[in-house]
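First to last, the protein sequences are chains A and B.
Residue 470 is where the first sequence ends in full-length UniProt numbering, and the numbering goes up by one at each step.
Residue 470 is where the second sequence ends in full-length UniProt numbering, and the numbering goes up by one at each step.
Check each hint, because a few of them may be wrong.
A few chain B residues that don't get close to chain A, going by computed Cβ distances all over 12 Å [to be verified]:
#  : residue
1  : 28
2  : 59
3  : 76
4  : 119
5  : 157
6  : 159
7  : 161
8  : 249
9  : 416
10 : 440
11 : 470
Keeping only pairs whose Cα atoms sit at most 20 Å apart, straight-line, the calculated DMTMM-like set for lysine to aspartate or glutamate is [what the hints assert, rightly or not]:
#  : chain 1 : residue 1 : chain 2 : residue 2
12 : B       : 385       : A       : 375
13 : B       : 360       : A       : 327
14 : B       : 394       : B       : 464
15 : B       : 385       : B       : 464
16 : A       : 341       : B       : 298
17 : B       : 441       : A       : 375
18 : A       : 394       : A       : 457
19 : B       : 360       : A       : 372
20 : A       : 360       : B       : 375
21 : B       : 341       : A       : 293
22 : A       : 21        : A       : 351
23 : A       : 360       : A       : 67
24 : A       : 348       : B       : 298
25 : B       : 21        : B       : 270
26 : A       : 360       : B       : 308
27 : A       : 341       : B       : 293
28 : B       : 360       : A       : 308
29 : B       : 348       : A       : 298
30 : B       : 348       : A       : 293
31 : A       : 385       : B       : 375
32 : A       : 21        : A       : 327
33 : B       : 394       : B       : 410
34 : B       : 341       : A       : 298
35 : B       : 360       : B       : 448
36 : A       : 360       : B       : 372
37 : A       : 348       : B       : 293
38 : B       : 360       : A       : 375
39 : A       : 360       : B       : 327
40 : A       : 441       : B       : 375
Think of the hints as simulated: they come from the structure by calculation, not from any bench.
Backbone N, C-alpha and C fix where the C-beta goes; we use that ideal spot for every residue, glycine too.
Protein chains: 2
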Amino acid sequence: MLIPVILSGGSGTRLWPLSRKNLPKQFLPLAGELTLFQQTVVRARALPDSASPVVVCSEEHRFLVAEQLQALGITDASIVLEPVPRNTGPAIALAALQALQRDPEATLLVLPADHLIGDAGNFTDAVHKALPLAAEGWLVTFGIRPDAPETGFGYIRRGDALGSDAFRVEAFVEKPDRATAEGYLAGGGYDWNSGMFLFQARRLLDELAQLAPAMHAAVADAYQSAKTDLDFVRIDQDAFAQVEADSIDYAVMEKTARAAVVPVHCGWSDIGSWDALWAASERDAADNRLEGDVLALDSHHCYVRASDRRMVAVLGVDDLVIVDTADALLVTRRDRAQDVKQIVEQLKTGERPEHRLHRKVYRPWGSYDSIDMGERFQVKRIVVKVGAALSLQKHHHRAEHWIVVSGTAEVTRDQEVFMLSENESTYLPLGSVHRLRNLGKVPLELIEVQSGSYLGEDDIVRLEDVYGRA
Amino acid sequence: MLIPVILSGGSGTRLWPLSRKNLPKQFLPLAGELTLFQQTVVRARALPDSASPVVVCSEEHRFLVAEQLQALGITDASIVLEPVPRNTGPAIALAALQALQRDPEATLLVLPADHLIGDAGNFTDAVHKALPLAAEGWLVTFGIRPDAPETGFGYIRRGDALGSDAFRVEAFVEKPDRATAEGYLAGGGYDWNSGMFLFQARRLLDELAQLAPAMHAAVADAYQSAKTDLDFVRIDQDAFAQVEADSIDYAVMEKTARAAVVPVHCGWSDIGSWDALWAASERDAADNRLEGDVLALDSHHCYVRASDRRMVAVLGVDDLVIVDTADALLVTRRDRAQDVKQIVEQLKTGERPEHRLHRKVYRPWGSYDSIDMGERFQVKRIVVKVGAALSLQKHHHRAEHWIVVSGTAEVTRDQEVFMLSENESTYLPLGSVHRLRNLGKVPLELIEVQSGSYLGEDDIVRLEDVYGRA
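Chain A on its own, in the form it takes in the complex (with noise of 0.2 Å):
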């Protein structure tokens, strides 16, 4: 069996503003219609004999992961919960784990959820290629053909032949400078580390137990007291927090006598930043990559991304990133994209929600947003999805007013239980009890105007939780 691994961890802060640690750059629509997490599971599922995926992600990430992959059709993945961070290593390890529960024999394709594959033909046939190599115990990387002198990734030295489409690794090396890498270029023999790996989930496992046994040991830990909780694989916090946090490479590839690269030119992009997503992107006449409500006069060069309901006007620059979103705009140099995860660092420190939070905020019953906001009253958009459900709650200091704008709704207030339909209207006084439902079929939308003297999102006592928030 071929278990896609989808490593969905990522945080993604150099593609703030659109990327941010709730919603991360692996779950954003950034290139075509699907998210690059989205993409990635259908290149898996692409692949003859493929299984469902594993995917593991953070616990903050698990709704939308499961709402994503609901969209796709694909209701039977196993997404594995981090508790908290440990890095590539670790994570493959507890997909290891838990693909083996399915099969003994099972063998993993690794992708990390935010990479961009152009060539997904290429792709595919790289894997048809490192199969046999992984039946026969060999841990396989993918090797992307460098078609730049590029110094932000390590590097793969090729060592003797495995056939004709696959080399031995020589040696991982690290991210060169610039003449290096140019020299890399220029000779040939030389891949890009791309974080994609194919391998039999139990010699993985026996590499790890050999080279990295204290980890293998604590993974293996925490991953027996495992809880499967709704769709969700809950590995213990405070099993997880033992296990010491490192990268695959590290603690298996560049170790094992048993590491294979098979070179692939398949239009990859990791998108680490602004400028690498205007490099991937197909550019107008001008060389822009303009989203959304954008008109450029005389501007040259740029990646431009307006964000909804309001226009983005460019006059007479060049090699610029403006990316809008609905509470934070970022403008900067295209070869200064890298240095981005500054501000966020800044956003940070100043403990402003804007590294984190958007001003829209996926729940997994569906969104809201904070569409205004004065000295004590708030107004927000709610989107609750076909079935969904809000938790039965209460508020302590604020009364709120809601009006129906589509769908229809089952309000809870207190002893009463009643629909309200488009155009339709209730009030829900201070410390009432309430529930949203939607039994509808389609989406509900309703605007709700709060009204009191604190606004929080904290004030909120859930009495009763079909998410398990209670």
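Could you slot chain B onto chain A? The hints should help.
Coordinates of chain B only, in the frame set by chain A:
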């Protein structure tokens, strides 16, 4: 009597997206708490013996002018409405006719509403130097002492001295090229033509009658049919449309034998572009002018203006103008700021509302802001001023929900009249005749949720209106 004439008809397209047709730059607080218009009025009021002003503006801006004057405690201004724009010649002639109604000996201090003057003391001194000349029948213009070889202004060549602080005007010269401007600056004897004047109303009209008799006759004719309505002097549209458009410079100043110039060095700027505003503003250690919630890293010589409720982060950029508003964002280079009007032209051509209207729209009774919109709904935040009332109205295609979030509303709904206070709501079915009034002592704020198949501003039947709009 010294009567200030505030010319408020400008459109300020180069300061888009903040300045728009329905709210041009003179009515914005671009530098300080007061708007440029208010600063101009205050500057004139500070002169000894200054009477209340005559304001000339377009009909569209009449309530803005009235409100901004009222905020300064000025209730006795004459507000003359130009039904169509005809440049400064006819506007000043109208103001002169209006001033003569108050005092046949009136002296006019003509000030464009959209200029910034940093050093009010020097400006006042210059007016005092000019007053005796005006009394002798001179038409005095204020010449700005150049501090740079500007190619964007006309210049005045000084002639013979008139006392120690003034000169005959030898010639008005057109905008020069760079080399000529450098010569003017180096050689001295030239001042920028600021568009500020001091003269007797009677004298100006006599000169106009002699030098531009057709304009004089047409303006006099139009003024004769003027009607005073509320606080406004309304000029008949058909009559005023007959007047030829021309500047006071061409019509009178360049032809009269009695033109004098009083040079002044008063930190003057016409704020003709974002670059000019940057130049006229105090800047930080990195030579940036940052307005609102801006995080600037490693950026220099920029003008950055954030809008409400959204932060702007800039990183590694120099010499940019970034201006954000609720529905449009501009990014350009400072040295291209003059070309912002190209964007406005494109928006006009595309019939996009962003060249004309802000998302927040001012009305005589207060304002509304469209905070959210969907397929069959729209959400507005409505503010009603103390003592103000919306028209008695109805809609054919929408129902409305009103939730009061601050203050108290008197609501008329068909036969009923009732009060709503904070955290109370009501529903106005499609077709109901309704009115909203603020009888309280604080502004009334409410959230309006509109529901219906057509939500355009033009679905309104006004049955009664205190502002003459029914």
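Compare the structure with the hints numbered earlier in the document and write down the numbers of the violated ones, lowest to highest.
Nothing - there is no hint that the structure violates, so all of them hold.
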